[in-house]
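So the protein lines, in turn, are chains A and B.
Each position in the first sequence, counted from 1, maps to that position plus 642 in our numbering.
Each position in the second sequence, counted from 1, maps to that position plus 74 in our numbering.
A portion of the hints provided could be inaccurate.
[Said to hold, decoys possible] Computed list of lysine to aspartate or glutamate pairs in EDC-like fashion (alpha-carbon distance at most 16 angstroms, straight line):
hint, chain 1, residue 1, chain 2, residue 2
1, A, 737, A, 750
2, B, 180, A, 921
3, B, 176, A, 921
For the record, the hints were derived by calculation from the structure and aren't laboratory data.
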Amino acid sequence: MTANEPNEAKQPKKQISQSYWNLVWWRFKKNKLAIAGAIIVLSFYFVCALFAEFFAPYLLEHKSDYLEARPQWIHFVDPEGHFHLRPFVYGLEKKIDPMLRKRTYIVDTSKRYSIYFFVHGEPYKLFGLIPMDIHLFGPDPKDPEAYVFLFGTDRLGRDMFSRIIYGGRLSLLIGLLGQIMTIFLGTVLGAISGYYGGAVDMFVQRVTEFLAAFPDIPLFMALAAIIPPQWSPIWVYFMLTLILAIVRWGGLARQVRGMVLSLREREYVLAALSFGASDRRVLFRHLIPGAMSHIIVIATLAIPSMILAETALSWLGLGLRPPLTSWGVLLQEVSNVRAIRFAPWLLTPVPFVITTVLAYNMLGDGLRDALDPYGSR
Amino acid sequence: MAEQERRDNILLEVRGLKKYFPIQRGLLRRTVGYVRAVDDVSLYVREGETLGLVGESGCGKTTTGRCIIRLYEPTAGQIHFKTTALSPNGDPQMVDLLSLDKERMKTVRREMAMIFQDPINSLNPRMTVFDIIAEPMEIHGMGRGPEVEETVVRLLEHVGLRPEHMLRYPHEFSGGQRQRIGIARALALNPRLVICDEPVSALDVSIQAQTLNLLLDLQKDFGLSYIFIAHDLSVVQHVSDRVAVMYVGKVVEVADVEHLYSRPLHPYTEALLSAVPKPDPLYKSERILMQGDVADPANPPSGCYFHPRCRYAQPICEREAPEFRELEPDHWVACHRAGELHLKGV
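Build out the structure end to end from the sequences listed, making use of the hints.
Structure follows, in structure tokens:
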């Protein structure tokens, strides 16, 4: 044993080697704002995209008798001053305002509806597969009269809170899906354009310039017009995603082309070529991975504009149409002054759009600092 | 007889190599001229020897090296390389690299490799040392099995690095160590010819000597031939058997290293040699300061390209381009006045 000891001492300690992505994570972690952005973004996707049915107290199309009801506030203390551990909302009483000749609601403090957690509500299928009826919260399931409308209801008496959660699913996914398609188109075309040069480059560059010079809205209108009206809403959704990607890949392609132009002169690329590496290998092993950090940053920072574009297009009636529900479709309800005047709670999707966009920007800025694509690395 | 033997030993022979880069202007990219980066270069390398390639920046040394390994497609010329990779029984066979199709060229590439100047840029920062050194083997379809790992370990030991470092990334190494990784990669396919493109000019002087000695040791161990591109004449003197001097895309003088350094025949060589520092403090240096800059390869002067800077220039130098001739056995020079001048070496 003792004879072995010097040998063992010579053995190196466990080598801790930091890969590029380890270093990136280490730097990203230190940016509090970026972490906050990442948490907000991830929790939005978790709540809206994955478990909307569970987090929403009502189903998407659940209609109540309360049309355009105002939001109910959550209370813990009743009018007599008693504290209740279980939160509750007050009932609403319908009234006709004689001056405005309009239905209004006044808070009826005599009716108290407690909010129950993990209640059995309307049945649904989780991920479209698992039958369930448990909702995170909801009114007393034994009382058919009870209701909870935290953000009010819309023109047809549907719960805004639930609809915002459902709407977030499509709005958030369109940003992600569209951006994935954009990354694919932009990266492949940009890399090919930069790597091969010549006529291919010329062609791709002219196409991107055409797309960049073309006014967005008419282009969307033209493309949206070619979607056949009899298509099912889900196909319309995918087509819209594709349209967004087709309109937006140009910017990314130009950036990737620039990166590839500089990377392909690096000596490690020449080294690979000198050993007879194929073009595909050089592109996918050296050039695109080298540009990847840059691509991720650009893509992350572009997702908000994708979400905003969907919102704007749907609001204009060019994008998604009911029964599909996105934040843009929800906001279509407030396309007139009357709605804003008498049912301002229909605007509640707006703060969610803003929060998402800000969170994505914080995340993207943090990624950019961590990846430092403009640095010397 | 001697001539025949000389020919037999030749591993690489370049004849009339030209590389013109077009200068394109305007909207339609019309070609308005050419940069004659390499203009009619002929040279040869014998098996096991080192050919130094020297000259000022921008004289086409690197382009020549890259043309030989076909990183650039030459405009004209022939590159004959003695390869064993193409014949099924491994017999050496002289082939013109420029006549090979892509598939056969890739096979021949196993026997050639390149070492690059910049130790930071020549290694992909996203790949581990193992991946970097194994890449040539991967390109040539040898997979990533245990044999490849064994080879990588052996190569790392050969270049003086610890094999346990192979899972690290390039940024964790010093400049000299990185250059050793680059050398290990060049040796991965067991090449016969290695083109060293200024392999030490980016390194500290203290590391330069180490790296040069490593290259010399590897040459002995593996029977390598080198084309050693450099601008530092003392480095070239240390490693080369023969030296070719380039000026504005042309080879102006080739000779054995002793001959060239002691009795240069071309005024440009003399001027370069006068810039080599002498280790003797009492030596009164007589440095020849050349007038002006290196000629523009897009618009070279008439006659001998060197005549505007040459202190021995005669009217004929301005009119006629000198012939590249073998003035002494194995000592070639392109100068009208070679032989009549008595030039100073070191």
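Go through the numbered hints given earlier and state which of them the structure violates, listing their numbers in rising order.
-> none
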